[in-house]
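Student: Residues in the sequence shown are numbered consecutively from 19, following the numbering used here.
Hints listed in this document are in silico derivations from the structure and should not be mistaken for laboratory results.
Some clues are possibly wrong.
Below, in silico cross-link-like pairs of lysine-lysine (DSSO-like), each with a Cα-Cα straight-line distance of 27 Å or less [to be verified]:
#: 1; residue 1: K112; residue 2: K70
#: 2; residue 1: K70; residue 2: K148
#: 3; residue 1: K70; residue 2: K28
#: 4; residue 1: K70; residue 2: K39
#: 5; residue 1: K40; residue 2: K70
#: 6; residue 1: K40; residue 2: K28
#: 7; residue 1: K39; residue 2: K28
#: 8; residue 1: K39; residue 2: K61
#: 9; residue 1: K112; residue 2: K61
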Amino acid sequence: LSIITLAGAKTALTKAGLLSKKIESLIETWQLDKYKYSALPSKTDLDRFLIKGIITEGQYRALMLRHGFSVAHTNWYLEDFEKEVGEPVRGPTKADLENFFKKGIIEIAEYRSEMSLMGYSAKHIEYYIKEM
Numbered sequence: 019l020s021i022i023t024l025a026g027a028k029t030a031l032t033k034a035g036l037l038s039k040k041i042e043s044l045i046e047t048w049q050l051d052k053y054k055y056s057a058l059p060s061k062t063d064l065d066r067f068l069i070k071g072i073i074t075e076g077q078y079r080a081l082m083l084r085h086g087f088s089v090a091h092t093n094w095y096l097e098d099f100e101k102e103v104g105e106p107v108r109g110p111t112k113a114d115l116e117n118f119f120k121k122g123i124i125e126i127a128e129y130r131s132e133m134s135l136m137g138y139s140a141k142h143i144e145y146y147i148k149e150m
């Protein structure tokens with residue numbers, strides 16, 4: 019994709035036969051639209067926020083409309099999420115990991131990795147290791 023400059027846009031619109039007053043009005047509208055959309059999170063961010071539960075489906079729908087997506091397209095994205103997300107994959111609990119480690123089923127590196135995936139900080143993981 020090529021990006022057109024403001025001067026290039028004015029020249030092209032003049033060649034197309036638009037009056038300068040109409041051209042200025044269009045450019046002003048485009049600049050407002052650019053500002054309006056730059057203040058919104060990207061669609062990728064909105065998708066992630068919805069999946070993580072940071073925003074509700076209603077907020078997602080409203081922001082997608084502001085991005086210019088139709089209701090039908092937004093519905094398609096939501097249906098796709100439902101198929102993608104499904105049931106969360108379950109893993110062992112903290113207590114399970116401690117038992118696995120104590121019994122020699124997993125090594126210390128795997129214990130650290132699994133605890134990190136559960137959201138524990140490295141500092142706290144070390145505390146748990148010292149406690150065992």
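Student: If a hint holds in the structure, say so; if it does not, say that too.
Tutor: Evaluated hints:
1. A threshold of 27 Å between alpha carbons decides the hint, and for K112 with K70 the separation of about 22 Å falls inside it, so the pair holds.
2. A distance of roughly 32 Å separates the Cα atoms of K70 and K148; the hinted pair therefore is violated under the 27 Å criterion.
3. Of the pairs offered as hints, the one joining K70 and K28 is violated, with about 44 Å between alpha carbons and a cut-off of 27 Å exceeded.
4. For a cut-off of 27 Å, the pair hint linking K70 to K39 is broken: about 47 Å separates their Cα positions.
5. As the CA atoms of K40 and K70 are separated by approximately 45 Å, the hinted pair breaks the 27 Å bound.
6. Taking the CA atoms of K40 and K28, the gap is about 10 Å. The hint holds against a cut of 27 Å.
7. In summary, the hint linking K39 to K28 is supported, as the alpha carbons are separated by about 11 Å, within the 27 Å threshold.
8. A hinted pair counts as satisfied when its Cα atoms are at most 27 Å apart, and K39 with K61 does not qualify at roughly 34 Å.
9. At most 27 Å may separate the alpha-carbon atoms for a hinted pair to count; K112 and K61 exceed this at roughly 35 Å.
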